[in-house]
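Participant: The primary structure of each chain is shown beneath.
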Amino acid sequence: MQKHHHLRPFLAFILLGPLVVGTTTLHAQEADDPRLAFFESKIRPALIEHCYECHSVEAAEKGKLRGGLLLDSSPAMLKGGESGPAIIAHKPAESLLISAIRYDDFEMPPSGQLPDSVIEDFEAWILDGAYDPRSTPTESMKRKIDLDAGRQFWSFQPLDTPVPPEGTSWSQNDIDRHIESRLNEKGLHGNPTASPRVLVRRAWFDLLGIPPTPEEVTHWNARLSEDTDPETPINRLAYSEMLDTLLDKPQYGERWARHWMDVARFAESFGYEQDYNRPNAYHYRDFLIRAFNQDLPFDQFVRWQIAGDELAPENPLALMATGFLGAGVFPTQLTEAEFESARYDELDDMVSTTGVAFLGLSIGCARCHDHKFDPITAEDYYRFAANFTTTIRAEVKLDLNPDENQKKREQYEADLQRLKEALDTYESNTLITEFQKWLDDTPLDPETTAAWNLLSGKLSSSANSQFTLQSDGSLLATGTAPAGEVLTYETEIGVSNATAIRLEALSHASLPRNGPGRAPNGNFALGDIRIFKVVPGESPQRIQLARGQATHQQNNDSLSIAASLDDNLVSGWAVDGQIGKSQAAVFWFEDPDELKQGDSIRIELELKHPNTQHTLGCVRFSVSQQETPPIEVGIEGIPTKVRAAIEAQIAERDPDAESWNVALGWFRGTQPDWLKLKETLDKRGAEGPPQNLSTVLISSEGLPHLSHHADGRGFPHFYPETHMLRRGDPEQKVKVVDAGFVSVLIPGNLSESEWRLSPPAPDSRLSYRRSSLANWLTDVNEGAGALVARVAVNRLWQHHFGRGLVATPNDFGEAGERPSHPQLLEALAAQLVAGDWQLKPLHKQIMLSQTYMQSTEYDEERASIDPDNQTWWRRMPRRLEAEAIRDSMLSVSNTLDPRMYGPGSLDANMNRRSIYFFIKRSQLIPTMMLFDWPEHLVSIGRRSTTTIAPQALMFMNSPQGRRIAESLYEQVVALESKDKLEQLFLRCYGRPPSEQEARISLQFLQKQTKAYSSEALNDTEKRAWIDLCQTLLSSSEFIYID
Amino acid sequence: MNGSLNSQHDSRRQWLSRAGGGFGLISLAALMGDEGLLKRASGRERDWSQRALQPMAPLESHFPARAKRVIWLFINGGPSHVDTWDYKPELEKWDGKSIKEFAPEFENTTGFFKNAVGNLMKSPFEFSPRGECGKRVSSIFPNLGKHVDKMAFIHSGYTESNNHSPALFAMNTGMPRMGFPCVGSWATYGLGSESRDLPGFVVMSDPKGRGLPKGHAANWSAGFLPGVFQGTHLRPKGDPIDNLKRRSGQSETTQRQQLDLLQQLNQQHRESRLSETELAARIESFELAYRMQSVAPDVMNVEQETQQTKDLYGVGDPKCDHFARQCLLARRMVEEGVRFVQIYSGGMENQRSWDGHNDIQGNHTQFAGETEKPTAALLTDLEERGLLEDTLVIWCGEFGRLPTAQVASKPGRDHNPHCFTAWLAGGGIKGGVSYGESDDIGYKAAVDRVHLNDLHATLLHLLGLEHERLTYRYNGRDFRLTDVAGRVIREILA
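Chains as they are written, first to last, in this note's numbering: chain A, 1 to 1042; chain B, 10001 to 10494.
In case anyone wonders, no lab produced these hints; they're calculated from the structure. Note that the structure is predicted; figures quoted are calculated from it, not measured.
Within a straight-line C-alpha distance of at most 25 Å, the following computed PhoX-like cross-link-like pairs (lysine-lysine) qualify:
| no. | chain 1 | residue 1 | chain 2 | residue 2 |
| --- | --- | --- | --- | --- |
| 1 | A | K1010 | B | K10245 |
| 2 | A | K596 | A | K458 |
| 3 | B | K10093 | B | K10410 |
| 4 | B | K10245 | A | K1022 |
| 5 | A | K920 | B | K10237 |
Simulated restraints, written as ranges between beta carbons of each label pair:
| no. | chain 1 | residue 1 | chain 2 | residue 2 | range |
| --- | --- | --- | --- | --- | --- |
| 6 | A | A483 | B | D10095 | 46 to 52 Å |
| 7 | A | V973 | B | E10271 | 27 to 33 Å |
| 8 | B | E10335 | A | N1018 | 39 to 45 Å |
| 9 | A | I865 | B | Q10267 | 24 to 30 Å |
| 10 | A | M910 | B | G10211 | 23 to 29 Å |
| 11 | B | Q10268 | A | S225 | 20 to 26 Å |
| 12 | B | Q10268 | A | R236 | 30 to 36 Å |
| 13 | A | A974 | B | D10260 | 27 to 33 Å |
| 14 | A | S225 | B | D10260 | 31 to 37 Å |
| 15 | B | G10337 | A | E166 | 55 to 61 Å |
| 16 | B | S10409 | A | Q541 | 52 to 58 Å |
Using N, Cα and C, we set each Cβ at its ideal position, and we do this for glycine too.
Extracted from the complex, chain A is given alone in its bound form (with noise of 0.2 Å):
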């Protein structure tokens, strides 16, 4: 979070510092120089005593530095600060340090003016000449970090197992044990047991984020209620039981994903001016409801968010996961000149985020220089960062629901068997059967020679493209169409003096908008055609065509047949005008006799249009020996050779022949019955097995680059090597730094190889560098863990009481508030561990404990021990966050739509949770950014609360709430008004109106109609009730939970 551009004057200064000491500093040492005995009696002191407070480095440290001015140096106190130097040797009446401290000008030291005979001494010093042997301050700005020390930190240490003292009667569990033993300590005690209907509303929406319905609430307040007495006012087991049900509550997930999200910085835009969208990030966002849900281990939950996609590279989950670190923010309009600072930034907001989410540590301070307040040193901090050198942001497509898909797939081949088994049933029967009949009855009529003779032959793509053989003899291209292609195509002809080539363009079901081009159109652009008779041995010859004829071309100039004759490669055939329709093309010999039968040949078409993908995607070739042969797409009558079997078969019968198949081949294709089969068949193959991938933003290394707007410049996405940085400014390399963690978190006698992992393979795309972070990070022992279990329980603590046992979630560290329970702490944290790091069971014994049920009831003589409740004496009523707010209104309204998943929406009036609003770094929602939502730009470890009028003029004015109290009121418009208003408070409240209540909203409703009346309003009373409905979504109990 430092500035890195510039090196500050100020800093400047401290780094040349020695070099500008005035000559006398080389005498200083001169023991019995009277000048140095008179500065080290009279002047240190007196600087030390009366400035250094504020005008030292150790102020400037702490923050203290005022004026910019510094004392604690010969060469500091000549250049000055702010105001100019402080002295000027030889010259006490212009020097600024004597007026100040006269009192003249600043009047300093503030605390009260010097005695008279220090100012003189001040004055005799600098008439003398100001000497002064502190040629550097004497705190280096340096300081020098001790790990040793460090370690000995509260949070830095070893995880413990307090054992929990002794409790009374009032604690339910060893929460309570460690809670009561504080509060015995300051003559204190723990409230009662809350109500169970202010129970049931409590864990409500502690776990879920939404009230209870009305027959919830009477269904536990009823269970809750059961076989209890004064002593015991709450049925434990019916407690206990209703806790599992709201942990098994998909609710649950949407609840805590979402407070995780504030700490992960979580949005799906990149920020800065032009904020492009991440359409696919959302499934990071899925991630974590799925892995609260399933109550994923929390180590792993770390683990995957740093290095899922190394981990477990299998697991949809996993991958979804490292969308954390690709979280921040990125600012895409770049010049050359910021691309490297622009990508420190984005590692800086990896390590910021990664050390404050998992560590509740700033690391992200010591990029300038080593941390201020922690033990970590600016190499720690570059260390740090190169963990992450290599990850970028890539988008991948995952399979999310495997077995769905995979149920899919087998009934697709379960399909495909079937109709191929009906397709070879009717081919080795009914088809014989007819063929030998049609053989015994057809007299061969010449007049039925097909105009066209079918080629057969192997076609080849200059870009790879992949053909299929259909059974119309046709070839169809499969896969992404390239951008530009030759294709190749070598057969034999087939017959003797051909006098035309045909080329049919077919479309197909499989092509966009049916072909017969693969462009995005359905067109094609055949620049040229050239043919060539190929005799082994001899250089191919080129056959010339004569002239050109096409069933339809696109004009009659650069698109038209003849421009494929043309020496314009780019000048050809194309169709649109006619797209999805099938095509042909007649291409004469110029000579019939210079092909014979037999004679091999090779056809080239051009297809490399400016305009991309303009190739062919379903292709038949034909010859003909007729002078005028039909310009049509097809093949009407019987092709010689055919002809040729099918006399053969007639003269004798033969189905071990050749003869047999071609006829055989030739005559299916005049069966509407296998026609229709082969159809069905073809076009099921065509479709491929289902794949339903979702395109997934993750964080990975050597994969593909999300593409953003950079791009256009060059930005490279990352630089090899990782460098640390004087002052973070990338212009001021230090040296290429390793990959490492926090050196004060590493036991001194181990190094870092310990958690090191290596990729399987020494040629994989992935460094594993995240994977040996991660290992250290969940190592319990002798890495990171403790400190990580010790973080997370305290957010679970806070989510549940308002406040966490460390007051500040994201800093653990020295500036960071202590524990208030350091005890209770670490048994949470250990008992995190102990349970295989699993969640839901420490939110059940947080919310089975004492601590968590006692009742909000406020006690003036303890609270004037405690006023800030630090010690949990009491429960502390809550305001709502902004989506529970909003969720409520539609929950109690019956208009939440339950919908889990998928993308989100930048619609503020949608139905959905809020968790689902699509989080738009430029158009956060207004509604929800009243209610001091945050802005998604850094970890937020504590949303602020804020009370301000335009909440009011939202509850008041806003349309949206008015919609949400109509429906509100369409929930109970059935009932009798006593009814009607029993279950809006059920509803709102979770309780029935108290008689005043239902007393005043009836005088309400009255005057309300009445008003309505008298202002010539339709609909009097369906005003009145909407307003009551609008007052009761607008009322502090409403949004306050005790």
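Position chain B relative to chain A; hints supplied.
Facilitator: Coordinates of chain B only, in the frame set by chain A:
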């Protein structure tokens, strides 16, 4: 405590109960006593929890303020200093020559379009001496030039990015990255607002459909400060503030009756939770909202001004009507105690703002024409009403422009982060002075260079805030608007 209600000391609680009807006007500094935010000189969450009840209540400054409020005319897109206020006779001599002759270190990456760097180009505008101080001013400011004796010019500003949004962020927040609080947020965080019925920090953007400044709302973001300190963006079309209008079908009577019911329920809810001061604040917030409904539209209705005033600003003049209304509204708002008003001249980039890549002459003629008469009127009006002495007016964009031509159909000028000009006028400012100098052709800030942090430090100083003491602790660090730097430019202070 964030996310939870506070139990307060007895005396404070009773005081709040007594004050229930309207403690918004009472300085919160009194409430916070010796442990108060300002005395502690840090915004620790502990302190914030107290303030959350009345976050915009006015606070005392660190020392007596010279300016109580700020109007920042944001010259969006990057005005060309050599064509506006920074007269460069030498540039005429260099006209048509390569900048490399003048500045061999010139890099093509200085501007944004590295392939369109032309030769040095003199200003297409005449400069003539104005005011008593004789400041030479471009001919595009016929009216505004009359006020040079009120202005202190900074000719040696420089910034950190040659790219709009990072430069906008830097100018607004001190950091070229997203996520930091802007000046207006820091000012209201430090001082609250003196207006009860209006937002403390208001932003107006181009109403002519030319878009928002690049980076959008991040330019008036509160960053990591509590969201309440973010600027309120007045929507240029339609209702300027959300939910300010009563829905149709609801009269003052029926709304008041509805509110009375709500307040009865809220009061009753609060009675069994008297320790929760937030609940009292919430009750008050509804009353405040109720008043805002009538007061805010009233303040925002510039039609209430006299014809003479409207004419002065240029209301009705098709060239500058939109900016005239915004300037007039800014005056009405500061009159009501709004702490910080920012008006963006122009929309996004290129021809939609001062971003004159193409045809610098036409571009600056147009945008000066849109703004200079209203701006001049604002200074006149504030002075006549006695507001100028404690209202700071700033004219500044996100960077300057190069002295070279950008090759285009008509020559333009590209971005220049190395130098820009800003002027300040009003509360605490010495008029008719110029501070700092650019080099002979206006390529780089040369003498007495002024970093953004220095500008921000000066601004806070004028508001009575010591920039080194106005801090907010976030994720383990005390953050400042001026980060680790900043120097108050005392030379321009009155």
